[in-house]
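Sequence order for the protein chains is F and C. Residue numbers for the first sequence follow our numbering, so the first one is 1 and each next one is one higher. Residue numbers for the second sequence follow our numbering, so the first one is 114 and each next one is one higher.
There could be a bad hint or two in this list.
[What the hints assert, rightly or not] The calculated label-pair distances, taken between Cβ atoms and stated as ranges, are:
no.: 1; chain 1: F; residue 1: H85; chain 2: C; residue 2: S137; range: 32 to 40 Å
no.: 2; chain 1: F; residue 1: G1; chain 2: C; residue 2: D152; range: 16 to 24 Å
no.: 3; chain 1: F; residue 1: N70; chain 2: C; residue 2: K170; range: 35 to 43 Å
no.: 4; chain 1: C; residue 1: R144; chain 2: F; residue 2: G1; range: 31 to 39 Å
no.: 5; chain 1: F; residue 1: T111; chain 2: C; residue 2: E114; range: 28 to 36 Å
no.: 6; chain 1: F; residue 1: K64; chain 2: C; residue 2: P223; range: 35 to 43 Å
no.: 7; chain 1: F; residue 1: V3; chain 2: C; residue 2: E173; range: 40 to 48 Å
no.: 8; chain 1: C; residue 1: E158; chain 2: F; residue 2: Q42; range: 31 to 39 Å
no.: 9; chain 1: F; residue 1: K20; chain 2: C; residue 2: E158; range: 43 to 51 Å
[What the hints assert, rightly or not] According to the in silico footprint, chain F covers these stretches of chain C (three or more CB under 8 Å from chain F):
no.: 10; segment: 139 to 148
no.: 11; segment: 157 to 171
no.: 12; segment: 206 to 216
By construction, these hints were calculated from the structure, which means they are not laboratory data. Virtual Cβ for every residue (Gly too), placed ideally from N, Cα, C.
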Amino acid sequence: GAVVSQHPSWVICKSGTSVKIECRSLDFQATTMFWYRQFPKQSLMLMATSNEGSKATYEQGVEKDKFLINHASLTLSTLTVTSAHPEDSSFYICSAVKSTTQYFGPGTRLTVL
Amino acid sequence: EDQVTQSPEALRLQEGESSSLNCSYTVSGLRGLFWYRQDPGKGPEFLFTLYSAGEEKEKERLKATLTKKESFLHITAPKPEDSATYLCAVQGSAGNMLTFGGGTRLMVKP
């Protein structure tokens, strides 16, 4: 199997606070994980590539100081949304690579009030 | 730049009415073409990987095929539980990154 979990599944926070989302590969090790965000009725938008033990690679237009990514172990990557604002409200999904296939987590719904 | 286009955007079928979803792509050095299923409010679920033209894979009522320019996801005698958004993605020469299409939202009515 290839199971990926995310925590929390949903979070509501106040504007200006920071939120951390965890992505774990439960039954395999993943050197590479990806972070996406998805708006309603749209496809996935890649935010960044997370490689274990090195700095994340961010896609054009994604603020690296706002979306902090840490991949400290082969089974865990975290995404921290710093100083969140209402426009950061979205569905955040991670994936972990096993062989060459990306397996996705269940997603985290972030709502910023 | 890799590109993926899926059609139709939405498809309504009656239960038992077979049909096909299309995924057209351009990619520099195809390493794999992936199909995922996504239910509302959930992450994509892996279905198939196709690696070379002529390859076919099946799973229950789904069959995926691949040519050099497009892939089809054939759905035979669909059931309401097959209702979901189906995503196609290609993996080119740039590592494990995927380029996704916009998806096809399938609705199967009983």
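| query | Could one say that the CB atoms of R144/C and G1/F fall in the range 31 to 39 Å? | reply | violated, 23 Å
| T111/F versus E114/C beta-carbon gap, inside 28 to 36 Å or not | Distance hint for T111/F, E114/C holds at roughly 33 Å.
| Status of the given 35 to 43 Å range, CB of K170/C versus CB of N70/F | Roughly 36 Å apart at Cβ, these two residues keep to the hinted range, so it holds.
| Okay, E158/C versus Q42/F on CB: inside 31 to 39 Å? | 18 Å Cβ-Cβ, so the 31 to 39 Å window is violated.
| Is 32 to 40 Å a correct range for the gap between the Cβ atoms of H85/F and S137/C? | Given range 32 to 40 Å: holds, Cβ gap about 37 Å.
| request: For V3/F and E173/C, compare the CB-CB distance with the range 40 to 48 Å and indicate the outcome. | output: Given about 20 Å between the Cβ atoms, the range is violated.
| field | Hint check for D152/C and G1/F - Cβ pair distance inside 16 to 24 Å | value | 19 Å Cβ-Cβ, so the 16 to 24 Å window holds.
| message | So is the segment 157 to 171 of chain C in contact with chain F by the C-beta rule, three or more residues under 8 Å, or is the coverage claim wrong? | response | holds (count 4)
| message | Under 8 Å between beta-carbons, do enough residues of the segment 139 to 148 of chain C, three at least, approach chain F for the coverage claim to hold? | response | Holds, because 3 residues of the segment 139 to 148 of chain C bring their Cβ atoms closer than 8 Å to Cβ atoms of chain F.
| Does the Cβ distance between K20/F and E158/C fall inside 43 to 51 Å? | violated, 25 Å
| task | Check whether three or more residues of the segment 206 to 216 of chain C sit with their beta carbon closer than 8 Å to a beta carbon of chain F. | result | Since 8 is at least three, the answer is holds.
| field | Satisfaction of the hinted span 35 to 43 Å by the C-beta atoms belonging to K64/F and P223/C | value | violated, 48 Å
Violated hints for the displayed structure, listed by number in ascending order: 4, 6, 7, 8 and 9.
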